[in-house]
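**Student:** The residues making up each chain are set out below.
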Amino acid sequence: MSAEEVAASTPERHAIGISFGNSHSSIANTGADGKPEVIANEEGDRQIPSILSYVSGEEFHGTQAKAQLVRNPKNTVAYFRDFLGKDFKQVDPTSAHASAHPQQHESTVAFSIHDSESETPNTVTVSEITTRHIRRLASSASEYLGYKVNAAVVTVPTDFSDKQRAALTEAAKAAGVDVLQFIHEPVAAVLAYDARPEAKVSDKIVVVADLGGTRSDVAVIASRGGLYTILATAHDPELGGSKLDQVLIDHFAKEFVKKHKTDPRENARSLAKLKLESEATKKALSLGTTATLSVESLAEGIDFSATINRTRYELLSSKVFGEFRRLIETAVSKAQLDLLDIDEVILSGGSSHTPKIASVVGAAFPETTTVLAPSTSTSAINPSELAVRGASIQASLIEGFEHEDIEQSTHPVVTVAPHLNRAIGALVISAEEHHGIFRPLLEPETAVPARRTAQFATPKEGGDVLIKIVEAAREIHSRKPEPKPKADEKKDDDDEEDDVSDFTDSEDEEEEIREKKWKVHTVLAEAAIKATKKGSKVEVVINVGSDLGIQITAREVGAQGGVRGSVEKPATAVNGSA
Amino acid sequence: MSAIQINLPLPLLPAGWSSDKDFKAVGSLSPATQRSLEPVGPHFLAHARRKRHQRTFSEDERIQAQENVKKVEEDDADDLSEPEDPVMLQRDPKDWKNQDHYAVLGLSKYRYRATEEQIKRAHRKKVLKHHPDKKAAAGTADDDSFFKCIQKATEVLTDPVKRRQYDSVDEHADVEPPSKKETQKGNFFKLWAPVFDSEARFSKNHPVPSLGNENSTREEVETFYNFWYNFDSWRTFEYQDEDVPDDNENRDQKRHVERKNNAARKKKKTEDTTRLRHLVDEALALDERIKKFRKEERAHKDKRRLEKEAEQKRLAEEAARAKEEETRLKAEKEAAEKLQKAEDKKTREAAKNAAKKNKRVLKSAVKDNNYLHEGGDAPAAQVDRVLTDVDLIIAKLEATELADLAGKLSSKKGATEVKAVYAEEVKRLVEGGKLKEGEAASLAA
Ligand SMILES: Nc1ncnc2c1ncn2[C@@H]1O[C@H](COP(=O)(O)OP(=O)(O)O)[C@@H](O)[C@H]1O
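Chains as they are written, first to last, in UniProt numbering: chain A, 1 to 578; chain B, 1 to 445.
Don't read these hints as lab results, they were simulated from the structure.
Careful: at least some of the hints might be erroneous.
A partial selection of chain B residues facing chain A, derived with a Cβ cut-off under 7 Å [what the hints assert, rightly or not]:
id, residue
1, Ile-4
2, Lys-24
3, Gln-34
4, Pro-39
5, Phe-44
6, Val-69
7, Lys-120
8, Arg-124
9, His-131
Just so you have them, the derived chain B footprint on chain A, three or more residues with Cβ under 8 Å [to be verified]:
id, region
10, 42–56
11, 176–186
12, 268–276
13, 417–426
Each residue gets a CB set at the ideal place from its N, CA and C atoms; glycine is no exception.
This is chain B alone, in the form it adopts within the complex (with noise of 0.2 Å):
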């Protein structure tokens, strides 16, 4: 064979893919079937010249090669075998509305599982068996009625339309449901299934929902019930029908004939869905499940409602605690800020005394050195300006330089050394622009 061509591109390959010598083994092909290749034809040649090249085999292996084929041809028909009721075989071939095919074809077991390939092979083999031809080598009467039978249970079961209306008809494949008694005492499952099964055989629709077991999840229970509701049936009834008389003389009688039918096949028809409809209520009202699923529900719904119940006292709660968190939270705050205050208060007295004792110390320290006056006692202009002096430096401090000056003075003994102190601060004072060159000068150097 020549290359294929194929014009879609490869794929690039992906960032990081690496491999010794570019090739990675991954996985290994899924078990071959043996089959027979046809030996026809120059390929053929070809491959048993290769085959065979240099090479002789062995019995064992002539043997297993034909064991293990894969075979296409059926062997006879021995599936669709069933003893031939006597009676049957001496059916009327006139009668053969109320011949059963099936049993004729020995497909009694098959029904409308029956394929067009089984009930051609079945027929088959009742030709062989029962042909007149046979029957007069065998040497019984040359009675052919029987072989009617087979041709006429053959031209209904291969023609699909009249096997429908056939199937539509044939009691023999019902399975009557089972009585609510023995569904209570035996198996719903297995004693109702069947009962589906053939009622399936008439469905428009495929697959068919099954039945299913214990085990089935409500969804699949839902859709089984949904499907036999809805259920679209090909079932009809035109093979019941009365015969239409043949000649042309009496047409009005022909019509008569006609109209009647279709009134009973719709009557059928109807009484039909009406007893499927019946039939599934039945089932519906013993299946287990059924209830299981409302307990379960119910079950469900009692769940939810003490979940929903528990959530709403488990939120009151954690709102109630809030609250009194709140509280609480307030409560601490304002003790806090009151702490806050009275401390500030302690602290502010405390300053304002500690700047009142500075503040004496400042006065007593020219007081208790006269004034700063040498010799004598300080006039009394003296005494005014020193004071007035110093009332106006305290009035420039903080109170931190009024501590530490307050420190600084007492220290000192002696007019000079606290002149010195006093000059020194204002100076300071002068140079931080707090008094002006000449302010305060009964105490600048």
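This is chain A alone, in the form it adopts within the complex (with noise of 0.2 Å):
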């Protein structure tokens, strides 16, 4: 995008970032200085419930919103971002069986709510609860920074169609919002970690997992010098926290059975109000080791309290982690990945801040891949906060391009590019292809056209070397591990044989050991760079065009010369194109 001159006849633009999400929604600026600051709206909070409530015409917004799901559920408006720009036989209400109902109207889902003093309900159609909602968050963004904000880049899950996207588009701009660009949510969240200033561009494999209140994501991204490239996704609509909290509602519900015989469940009040203290307990338990449940009244007038502890709570919730895990690997497999290829995953939406979630994602990943989530890294970012943190990112570098400029960047005629499907790179300590050592200079799935310099090592005495340039794919080897030697050692051979079938047998087999290696699959080029001196690098470069033809240069470093050459383009370029 060219940064062209700011529309200089419409008042100044400000933009922030938003994320929308079903249970939360925040809001965040970015400064000149690059850093992301989350905002907290006047209640102090930077997760804001996406809840709207109605008390005699008096609109209540965010936690103030949320604590009127015990008294006046009918008239508050929750869980609605997923009813958005779909008609009614597209919507799951069940999480909104404990708010307001969405209906059919005409083509769109609306609530009927008492949203003024009048007595008779109105018809008020999510598309304005929307714009409501977005009407509060802006104002709540122009109160701290002191200007009014009246443009955003908001994040929106990958599977969000067009038509939800022109329905958010119309019900921010009724907000007097101006959205410059819906970002995807898992791309804020890595963009949230790369544009830390500590962060250096690399090319790695990211699983971004959202998980969130009523639905998760999964998305599997190669992020290849600072470009993103989403592989494959999962979504499961109905994992989220709410299953948490569902597990702790039935255990406290239990309790209260045994000992008042009377259900808490089996009354909306009840349970609305169990529900609510469940999921204050829940995220207790994620940074304390036991955590105290107490609901005034909560059925038949009885006072209730309860203390549970994290290993109970991590007992009973174990069926869902591992929901979440199983969801996490499906992503991996459908990009076709081995668990082996994953870099780091982020852990992202406000279930990530549970320990034992992501303890139980670590111990399903290889120990070379990093998990950031609170519990298991210093340095991580607060996952409520990434697709915030990248959305505001993202509205500080565009903030001044015009939308028409905005739609030509986004258009697939730039960004559809084609993808590298096996890494580029030479080999080291031998040139024969069975001894050779791979490295690589440009990954899988890198888009072209791309450019990658390395510097390699010569041998001892320096001396002619060669530069073997080749394609490789990965492949996953596995192995059984050396059987551990038995505790009775002193067999003669003749027991062998029965020795092994023993060990076959046994229950507690080891597992296998797993291991990623490159194989040569055609070799594209060599070069010879001559009497190098002792203890000097080589330097290679290598610039792949967008017809995949290559254009190879090495040279000696802080050596005359060199040596460059250029390797034809296939004949076919791109695998299945139309």
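From the two separate chains plus the hints, produce the assembled complex.
**Tutor:** Below is the structure:
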């Protein structure tokens, strides 16, 4: 995008980042220093419940509105984001069970609520609710920043349809917020990490697991030289923190039943109270090892108080944790990758605060994978803030661009690029394909055109060296670990056979060792650098064009001249093109 | 990005490597995949700037870019739709143990093959349709019983433990083995492969070897049957347990039911193992490949026997031939030796005769010349001396020398000439050390 002049006729554009979730929304601003700041609303919340509630014509928003779920559920609208831009047939009303129910209204979804002092309820469309919600968010941001916020970059799930985007654009516009760009939630999370001053641009495969309140989404992203490509996604529209709330609700309800012979889950109001408090208890268990739940007048006027420790909670929730883990594994296999291919797992979304989720996910991946979550890494960013931080960074980058300009730059004609199927690199130690060790310069799934530079060591005594540039594919090798020597070692050879079968029959068979290895697929080019000096280095630059033709240059660092050559583009450049 | 540092050394240039400008292009990259970059972050801005630089894209290019790109999001769950049986929609959710969970979710054709993701998507689809709020909106009775069936089905199928218990007894996924008659009439592989495929769902070990076809190797077929005879199954029968009373009052009753359940599970498991063994027995018995391999083996054995016999015969013949040859050679040798002996004798005799003749020449040379005496008859003493000396010379001469001397003498006439020849010979013999000076004086000069 060329930084063209800011539209002069309209008032000055001030853009923020907005993450708009079914459970919570957040707002953030990235200033000239490039550091995103997540803004607290008037009540001091940075995770603002996406809830609106109406009492005698007065509008409540966020945490205050959430509290109304107990007393005033029918006039409280919650978990509505995924209703926007859909017709009634397409929506799942389940999560709105304990709040205003969605209804069919013309071609969209609406709620019937008393949002005025009038006796008769009004039909308020989900679009109107969204407008009111965004208006509140923008006003909180304006209040804090001291100027009028009138534009935003908004995060959306990767499966958000064009219709949903259009509806959201429309609703935001009605709230005076010009949506400059929608960006995908998981990509915003990667950007939030990559925009940190200490971060270095590198090639890595990142899994972003966005574990929310009512749904969870996983994306496998190739991060190549600061460019991001989503390789696969997996969604579970029913898996989220509320399943964990339910675990605690059931646990406490059973305790209550034992003592008082009445089930608080059978009364809507009791259930709403128990749910609210169970969620608070769950959050407390992310920090402490025990937590107490106390509810005044839970059911039939009886106060209830109980304590639960983290171990107990984790045991009760292990099934749900397993679902989170399997969703992540599904996404990886949909990307046709192995868990060994994953360099980083970013846990995002509110439920990622749960320590056990981070450890269950960590255990599923090999040790080489970094898991970024508050409980596994001190440098982790608050998972609830990742999306909004990314959005605000993007907002600061494009704040000055015309809509037309943004539209042009985000069009497939610009975004669609050929991605390498295999890695390109050179052989070290030996030029023989079976003995040489492959070192990648360009990883698979790198978008071209692309260019990488590497500096290679030379043999001890220097001399003439060969640079063999090859294309290589990753293979997974698995082998059985060496059988552990048995306690009873004094066996003669005749017994050996029995020994082996004993081993394979045993239940606690050791897991096989799995490793990633490169296998040379095609030799692309060879180049010679003659008479390198002892201890010198050779710099190789590979430039892959958009037609997959390759330019290679190599020279001894600090020496004159060097070698230069090119490799022809292949006959077919793109797989499966129509 | 900064330069990647690689601390392992580049290989040495192989001897004899040479190329123009020290560079050789060898191959080309394999094709790439069109994917969509996320238009996010500073590096993308740079990418867009480069790509759009002084360039406008044609409408064609814009459309094409959209068409070729690899999708990451699935379309609607169209693959997961099947007609709903009206009877099923009337089910009582309390009878969930007997409900076909896969049918409830519209996954009849997938069953144990359905992925967790498919189950979740199928559930979603059903929820969107059968949620009580939807029913209310459609004006139908506020009946959420089928919705409860859906929830129960999902609860069972998304819990790996419960799903295994259910899959263990999901008769709809069973494939009845064909009868002997059917097998003999039809195609063994077509008929039996689905049976093993369905049984394979219970395998703890993967991959499960396939039944293969008529061209499978003997090793493959053996691996297949070995696998099935050692089948390690996770199949369990908890799902068919009798309900255990949930109250604390009647502990004995509870324990009794539990014991009964355990016994029933064990029994069913044993029966299942036997059933599978019989099934494999049956397949093995009907598998033409086994017969083919046996026949091949027999043929192979026969061939081996014939070969062995032929070999033995060949060896015996060879030995006989060798012996014959040996005898022949021996006889030949003996004959040759005999011949040689005779020849030798002949030569020896001839030599002897020649020597005799030569000796005679030597003697007659003196005799004919008056014993080398000049004037009148030679006195007896002269005769005696000369003859003794001739004998002495003869004794000293080899056969050839004898022949030589005889040759020389035979052409000589007169005592003088003969004597000269003798004198010369004596001289030669004295010089050769065969005669001493003064010996054979009567013949010396
Ligand atoms: N500290 C915490 N520990 C555990 N769960 C948390 C914590 N903070 C928030 N959550 C849970 O995260 C969920 C909300 O996550 P969020 O990312 O806001 O969801 P959404 O994407 O649906 O808006 C809720 O279930 C909430 O209880």
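**Student:** State for each hint whether it applies.
**Tutor:** Hints, one by one, checked against the model:
no., hint, result
1, Ile-4, "4 Å, holds"
2, Lys-24, "5 Å, holds"
3, Gln-34, "5 Å, holds"
4, Pro-39, "4 Å, holds"
5, Phe-44, "6 Å, holds"
6, Val-69, "5 Å, holds"
7, Lys-120, "6 Å, holds"
8, Arg-124, "6 Å, holds"
9, His-131, "5 Å, holds"
10, 42–56, "violated (count 0)"
11, 176–186, "holds (count 3)"
12, 268–276, "violated (count 0)"
13, 417–426, "holds (count 8)"
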